[in-house]
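Chains as they are written, first to last, in this note's numbering: chain A, 1 to 409; chain B, 1 to 409.
Hints are computed from structural coordinates only; laboratory data are not their basis.
A couple of the hints might just be wrong.
Identical copies go unnamed one by one, so any copy, or any two together, can satisfy a pair.
[Stated by the list, open to error] With a straight-line cut-off of 25 Å between C-alpha atoms, the simulated DSS-like cross-links for lysine-lysine are: (1) K251 / K165; (2) K237 / K300; (3) K3 / K165; (4) K300 / K57; (5) K237 / K165.
2 protein chains.
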Amino acid sequence: MAKIAIMGFGTVGSGVLEVCRRNAASIARRAGEPVEVKYILDVRDFSDSPDAALFTKDLDVILADPEIRVVVETIGGTRFAYPYVRRCLESGRSVCTSNKEMVATYGAELLALAREHGVAFLFEASVGGGTPIITPMHQCLAANHISEIQGIVNGTTNFMLTKMKREGMDFAAALKIAQQLGYAETKDPGDDVDGRDACRKIAILGSLACGHHLYPDNIPTRGIRDITPEDIEAAEKLDCAVKLIAWYREKPDNGVAAGVEPMLVPNSNQLAGVNDVFNAVLMKGDMLGDVVFYGKGAGKLPTASAVVADVIDALKEGSKVHDSLFWKPAEKLDGMLSDDTPCACYIRTSGVPAAMLSSVAGPGTLVSDHGDTAAYLIRSASPADLALVKEKLSVLGGTLSLVLRMLSE
Amino acid sequence: MAKIAIMGFGTVGSGVLEVCRRNAASIARRAGEPVEVKYILDVRDFSDSPDAALFTKDLDVILADPEIRVVVETIGGTRFAYPYVRRCLESGRSVCTSNKEMVATYGAELLALAREHGVAFLFEASVGGGTPIITPMHQCLAANHISEIQGIVNGTTNFMLTKMKREGMDFAAALKIAQQLGYAETKDPGDDVDGRDACRKIAILGSLACGHHLYPDNIPTRGIRDITPEDIEAAEKLDCAVKLIAWYREKPDNGVAAGVEPMLVPNSNQLAGVNDVFNAVLMKGDMLGDVVFYGKGAGKLPTASAVVADVIDALKEGSKVHDSLFWKPAEKLDGMLSDDTPCACYIRTSGVPAAMLSSVAGPGTLVSDHGDTAAYLIRSASPADLALVKEKLSVLGGTLSLVLRMLSE
Numbered sequence: 001m002a003k004i005a006i007m008g009f010g011t012v013g014s015g016v017l018e019v020c021r022r023n024a025a026s027i028a029r030r031a032g033e034p035v036e037v038k039y040i041l042d043v044r045d046f047s048d049s050p051d052a053a054l055f056t057k058d059l060d061v062i063l064a065d066p067e068i069r070v071v072v073e074t075i076g077g078t079r080f081a082y083p084y085v086r087r088c089l090e091s092g093r094s095v096c097t098s099n100k101e102m103v104a105t106y107g108a109e110l111l112a113l114a115r116e117h118g119v120a121f122l123f124e125a126s127v128g129g130g131t132p133i134i135t136p137m138h139q140c141l142a143a144n145h146i147s148e149i150q151g152i153v154n155g156t157t158n159f160m161l162t163k164m165k166r167e168g169m170d171f172a173a174a175l176k177i178a179q180q181l182g183y184a185e186t187k188d189p190g191d192d193v194d195g196r197d198a199c200r201k202i203a204i205l206g207s208l209a210c211g212h213h214l215y216p217d218n219i220p221t222r223g224i225r226d227i228t229p230e231d232i233e234a235a236e237k238l239d240c241a242v243k244l245i246a247w248y249r250e251k252p253d254n255g256v257a258a259g260v261e262p263m264l265v266p267n268s269n270q271l272a273g274v275n276d277v278f279n280a281v282l283m284k285g286d287m288l289g290d291v292v293f294y295g296k297g298a299g300k301l302p303t304a305s306a307v308v309a310d311v312i313d314a315l316k317e318g319s320k321v322h323d324s325l326f327w328k329p330a331e332k333l334d335g336m337l338s339d340d341t342p343c344a345c346y347i348r349t350s351g352v353p354a355a356m357l358s359s360v361a362g363p364g365t366l367v368s369d370h371g372d373t374a375a376y377l378i379r380s381a382s383p384a385d386l387a388l389v390k391e392k393l394s395v396l397g398g399t400l401s402l403v404l405r406m407l408s409e
Numbered sequence: 001m002a003k004i005a006i007m008g009f010g011t012v013g014s015g016v017l018e019v020c021r022r023n024a025a026s027i028a029r030r031a032g033e034p035v036e037v038k039y040i041l042d043v044r045d046f047s048d049s050p051d052a053a054l055f056t057k058d059l060d061v062i063l064a065d066p067e068i069r070v071v072v073e074t075i076g077g078t079r080f081a082y083p084y085v086r087r088c089l090e091s092g093r094s095v096c097t098s099n100k101e102m103v104a105t106y107g108a109e110l111l112a113l114a115r116e117h118g119v120a121f122l123f124e125a126s127v128g129g130g131t132p133i134i135t136p137m138h139q140c141l142a143a144n145h146i147s148e149i150q151g152i153v154n155g156t157t158n159f160m161l162t163k164m165k166r167e168g169m170d171f172a173a174a175l176k177i178a179q180q181l182g183y184a185e186t187k188d189p190g191d192d193v194d195g196r197d198a199c200r201k202i203a204i205l206g207s208l209a210c211g212h213h214l215y216p217d218n219i220p221t222r223g224i225r226d227i228t229p230e231d232i233e234a235a236e237k238l239d240c241a242v243k244l245i246a247w248y249r250e251k252p253d254n255g256v257a258a259g260v261e262p263m264l265v266p267n268s269n270q271l272a273g274v275n276d277v278f279n280a281v282l283m284k285g286d287m288l289g290d291v292v293f294y295g296k297g298a299g300k301l302p303t304a305s306a307v308v309a310d311v312i313d314a315l316k317e318g319s320k321v322h323d324s325l326f327w328k329p330a331e332k333l334d335g336m337l338s339d340d341t342p343c344a345c346y347i348r349t350s351g352v353p354a355a356m357l358s359s360v361a362g363p364g365t366l367v368s369d370h371g372d373t374a375a376y377l378i379r380s381a382s383p384a385d386l387a388l389v390k391e392k393l394s395v396l397g398g399t400l401s402l403v404l405r406m407l408s409e
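Chain A with its partners taken away, still in its complex shape:
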């Protein structure tokens, strides 16, 4: 009988308990022994719960019990989760977490700490919820060099963009529905709609791909607040969908670049058809070509089932199988991991006649002309080119209201 503890009894934490119980037989078969949740750490009062006997408010109770081999961290954030996870690893317990903020911020340090103490630090559920992404990436792709990642990794914004496309809603209306359905936080939806959640996830995937820590702070991040139904309609005319893309790529000069931004995704790209709360991550392997992992990005049981799969892995093998799930510490950069490669760019302008756009922005296609505002697809522009376009528009009394770069096919 393997005994585990859960820290944080919120949505995912309670899901972990539920998955362990509902699929107890198959989990026991795969883990080689039954798995029992012995403790649940939470500061709140659960004395009315049928599982009241499992609860503790004291981490030392867990750490003092030699039966506990694996600890699940589902507290979220970093304030408590980070020092608690450190203490678990230092005490020789493997840790499985769904906490992308902690992994994106302290991943290299916690991986090194786990290695030092001969235990596992696993975080499949931190990207893609229940969809297997990190494990196939580090394990099955072991014989591949991954040069590029493109992902739709935030279900909330993807749901909103799908609503905006299918029902012509504006951002505010789509957000309201997402909040009503519990997909977006009511108080501050910024982590989702401003791209910070996606940024943490691409920081994790990028770190794993390049082998050293990429900090979220160094990843240029833009959300979807500025997207209008008109932009989405214009994208459709161009046979594209607007998606919030988290991307990572190697630069020709050996560095790496990463970003989170709404982009025009050609319908020929697999990511264009990923709708609602679904997530998908496309990776380019040098031997393999493109692979895509697709599934529901969040939800209590999907995410919990990924955490439990990690628990089984940690119980079976401890640190042994995870040599390739590792990246090195690195200094935080002063600048940003930006990419200057020119690409096709959709722009929305106001205050300048549409007929003037080709002379202002260079070769391209006029997509729509609504009098004061217009949309134009520049065939190819670098960030420097775009800065120049902005300046020229300003000189003419106009404004560059939005830029969406186009994703490669």
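Once you have looked at the hints, place chain B on chain A.
Frame of chain A, contents of chain B only:
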């Protein structure tokens, strides 16, 4: 330094050598030591090859060398591959293979033999080529019960159906192009176009899902020879694509069913958009919901890279990590693993006026009427219902030329 041997120096076998050399550094990092191909077993003469010194025609040379820990089997078929793999496992060597025919036929036996000798028997590359499917299925989904699998697992037929759809080609023309491009065998393309290749793959995935061996002989299998451009056009009118689907599902009464057949796939299903030589496998987990794994299904380097990932795994862990990559032996059934659940069915008929179809086939929609031939979508029909439709048509002097069941969304 880890030493391995390759049996069979065809497309995949030579790809394994190439991947080991081209990505030597990253493979060494992930395996924890450099990996060197010490022997290549092949009956043909490679004395002019720059690697001539590696070749041997004698398996005993490999088995007598204690340095060899892992053997790659890329001979194909079962005549030589099966006894050779048995001997490797019996001698305490882990085996990694891309040979779906051997795994589908002898999987349970070889898995048991590997377990008995404390070594690994791995076959990620047998389904989906380089796309990780088997590993995420058995590992990341460890906390899920998988009740249903739907896959496009044969790149050749998917390429042909894509050609037929996009360019209005008939089966013969699409086959010719597939042969010219090397996707289909010139001599006998039957393994692909008659569904046998897909049948082996779903036998493997189904065995893994249900935990006991499913024999290809027990899986009803139909290929795409009867599909016409008119059927594909009719499917488009119904907002569907015609795809060769390999499926597995649990039956309500506890048994399992599986099959390979061309089906109408609603465009709302992720599989409808999988085109060209790409493969995709959708799995339904009880906790996780739907996940899809998507990538190029074949090709020398993609498939070889999956074999090499297995080699790394086998070198690192031997049999230890693979407790859940296992299924039990089972008797071959007398009957077929068929499924009698009613579903929407597309039928093509000839010799009966289209106007009579609703009275012959029951409630549904007339899709096309070309005079002598007509296409009709029956709202819901079981195999028994379809047999009755066939009989009624025959009485009226008509023919039931084709039936395509519709896949669930």
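Going down the list of hints, with the structure as the test:
1. K251 / K165: neither (33 Å within a copy, 38 Å between copies)
2. K237 / K300: Neither way: K237 and K300 sit 37 Å apart in one copy and 38 Å across, limit 25 Å.
3. K3 / K165: neither (48 Å within a copy, 55 Å between copies)
4. K300 / K57: Result: close within a single copy only, 23 Å intra versus 56 Å inter.
5. K237 / K165: both (12 Å within a copy, 23 Å between copies)
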